[in-house]
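I would like the entire structure built from these sequences, with the hints used as guidance.
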Amino acid sequence: MNTISDVVVAEVGERQTWLVGAFIGSEDRTSEFVSESRWEVVNPTDKDQAMLNAMRPGDRIAIKSSFVQRHDLPFDNRNLPVSVLRIKARGVIRRVSDTQLLVDWQEFPEPRDWYLYTYRATIWLLSDDEQAEHLKRFIFEDEPQDLQYFLSRPYWMDRFRSDDQLVPPPDKAGYDWIPFFEAMADALAEWSQRRPELVTIVSRIRKESGHGTWHDMNSDGTTGPLADIDPFTVMNIFNFGPTGWKKRQEIAQRLATAVGLDLQAPAHFEGVPITHPQNAWLFKWAKDRDDDAIDNLWSIAHAGLAWADARGDLEKRAAFAEALKASLPQSNWTLATGLYRARPMHFCPMDTNTRAKLPSLLGVLKAPHPQDSSAVDWYMDVLDRLHVYTATPGSEFASIPELSDAAWAEGVASKVEADEVFEDDGEDTPIAAGGNETDEPPEPPRPYTVDDIVKDGCFVPRAEIEQMLEVLSRGKNLILQGAPGTGKTWLAKRLGWAMTGHRPTSSVQVVQFHPNTSYEDFIRGYRPVTSDDGAAGLKLVDGPFLRLADRAHQKGEQAFTMVIEEINRGNPARALGEMLTLLEPGQRNKSEAMRLTYHRDTDNRGIWLPPNLYVIGTMNIADRSLALVDLALRRRFAFRTLRPQFNGLWRQWVLERTGDSSVVNAVGAAATTLNNEISADPALGPQFVIGHSYFTPAAVVPDPQEWFHEQVDWSIRPLLHEYWFDRPERADEAADALKNAWPRVQE
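When you number the sequence shown by the working numbering, it's gap-free, plus one each residue, and the end is 747.
Simulated pairs of lysine-lysine, DSSO-like, Cα-Cα distance not exceeding 27 Å:
1) Lys47 to Lys136
2) Lys357 to Lys325
3) Lys287 to Lys207
4) Lys366 to Lys493
5) Lys493 to Lys455
6) Lys47 to Lys493
7) Lys539 to Lys325
8) Lys555 to Lys493
9) Lys539 to Lys316
10) Lys47 to Lys455
11) Lys555 to Lys366
12) Lys366 to Lys325
13) Lys47 to Lys357
14) Lys207 to Lys247
15) Lys590 to Lys325
16) Lys325 to Lys287
17) Lys246 to Lys207
18) Lys47 to Lys366
19) Lys555 to Lys325
20) Lys357 to Lys539
21) Lys366 to Lys539
22) Lys590 to Lys555
If you anchor each label on the Cβ, the simulated ranges turn out as follows:
23) Ala737 to Pro515: 31 to 39 Å
24) Ala318 to Gln193: 19 to 27 Å
25) Phe23 to His599: 40 to 48 Å
26) Thr222 to Asp290: 14 to 22 Å
27) Leu631 to Asp452: 32 to 40 Å
28) Arg311 to Ser360: 21 to 29 Å
29) Ala638 to Gln69: 48 to 56 Å
30) His302 to Gly224: 27 to 35 Å
31) His599 to Asp76: 52 to 60 Å
32) Asp660 to Gln69: 45 to 53 Å
Since the hints were derived computationally from the structure, they do not count as laboratory data. Quick reminder that beta carbons are idealized off the backbone N, C-alpha and C, glycines included.
The following block contains the structure:
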């Protein structure tokens, strides 16, 4: 195969190099992108859009995918997970427009695999450093990867290879660090009344290891040696990055000897999240921390060990939860990492990498901020679900350390762009010595208003959007109904963002009803659990609606919105239960509280819904299989019918993506004619019209005419055959009439 430089020459002198993904959902669209000379990203984040805006004609680009591999590798990986980048195609950007690129692609006959230095995000701009230059030559000049170079870099050298300059660690024997870590936690727990001695020990070990003394800052602005410490911070001293395994082992052994632990320190630390030295403490400066902050950390350590060693003891579970409430807001999610190190088979670390895996793995919501009042309940729920998950035969991970180990590997895959790689990127490490919160969301929220709804591509007139928001604000509950393709769910989410005032936001939750959706799924019900001895049982668990209502109660000044897709596909009255009454605007106060079918012990006076909780449902009124909406539900919701919008906003949007105003007008007129025919049909009617989404490209298309004809043949024609199932010839006539609005030019 020729190198890319043999095929194309960039039009600019300083061209950038981009690596992009080709998966949309679970579908790999590499071949489609290559054959159509394009690439696109669907629903880009602000970060994605900023990177798209930075792309220029002449830039080099390649399609990649990222994954983790353990076997059949070209080097000895000691059976540890390795991050892999698979390069499928390469090319040069010819045109950039909004969310789409036109590209001269070359597809590799066989994909090429690259190891270690990888990145998992959809778009990766390669830097100009030495490692990135190796990757560029691999992709565009067909050079083989210099594995020796990468295996000699920090972390990879320590993790994957032996070297003459290093003492090789012994062969890995499972997670053999666990007994040492657990014994260390037990030993440190005995030092709660000897904390000044413990501070002295830590200071001495740090000095012997070539580190400086920790200093604290007092309320008067003076500084002095650290005078108090907690057991989690103590265990951090042999879990710093970037520290090789040998150094960690030496420090751990010194600490073990000092606290009276007669045990050999481990040589392997797979599955142990590491801590950046600048974020070593689980407490703030003395001038900023509460008087009982360090006492609380000792309390949670004792409570955690007690519960982990007697998991079925409900009193110890409750004591742990109370201790966690006192400590978590001060210590950030790294407290969970400290607990995990103390009892790795019981507690789950909350470093960035592990936390990112939990929603898809366990079906939980994204982790709340540690200062959120729901954080403790969320974490307890994660522990319960993980206990069941790891005990279930066939689960991907049979233990929490295995999960943490895999998360580390994926974290490297998503972060390696510099010489040093940390398993924790600082978002969830202990609070920095300066006391700054570091739990940043991956995408910062930005203001969101009606203007943004219009800019995003809403063709509903602005005045109508404002009216919807006004009705929702006053009545609390709104249903958007309409024919297929009218943008119901799309608009529902944006109305929620506008109510909150920013996006992205966890204040807007989306669920979808189906015929089997029950009260137990949506509000509260029993879920299967497994006890320590393997016995199966049931536990009452809050559903998504009740959890969102709790958050709305806790943050009364902030709007929260539940979007229920296809609310009439299930049985709303069955799924909502007593919430059907509590939804009414006039019932949104404490005096109207009702007892839940499955009540909670903490809700002695019942449940009521706060006025800052909004519900938006969507309904497809063309689905003959769906039942009519219950009158009781209809009385509690305002209804707005969304209709196809082939107006000026739609024409402008399509014109920007096709470039032909006469054709846009012809297609809009043909679609309107078809909808008029459908509306006039006694067997169908206005509820069966075809929405504008079918005629709206999300991005620039290389061949707009080809795109339009495919839309008609693959999306609209089958729908028309379903409508006119007893008259297929009429369906074909209508579809052909649409295509004739933009006839192919015969060559």
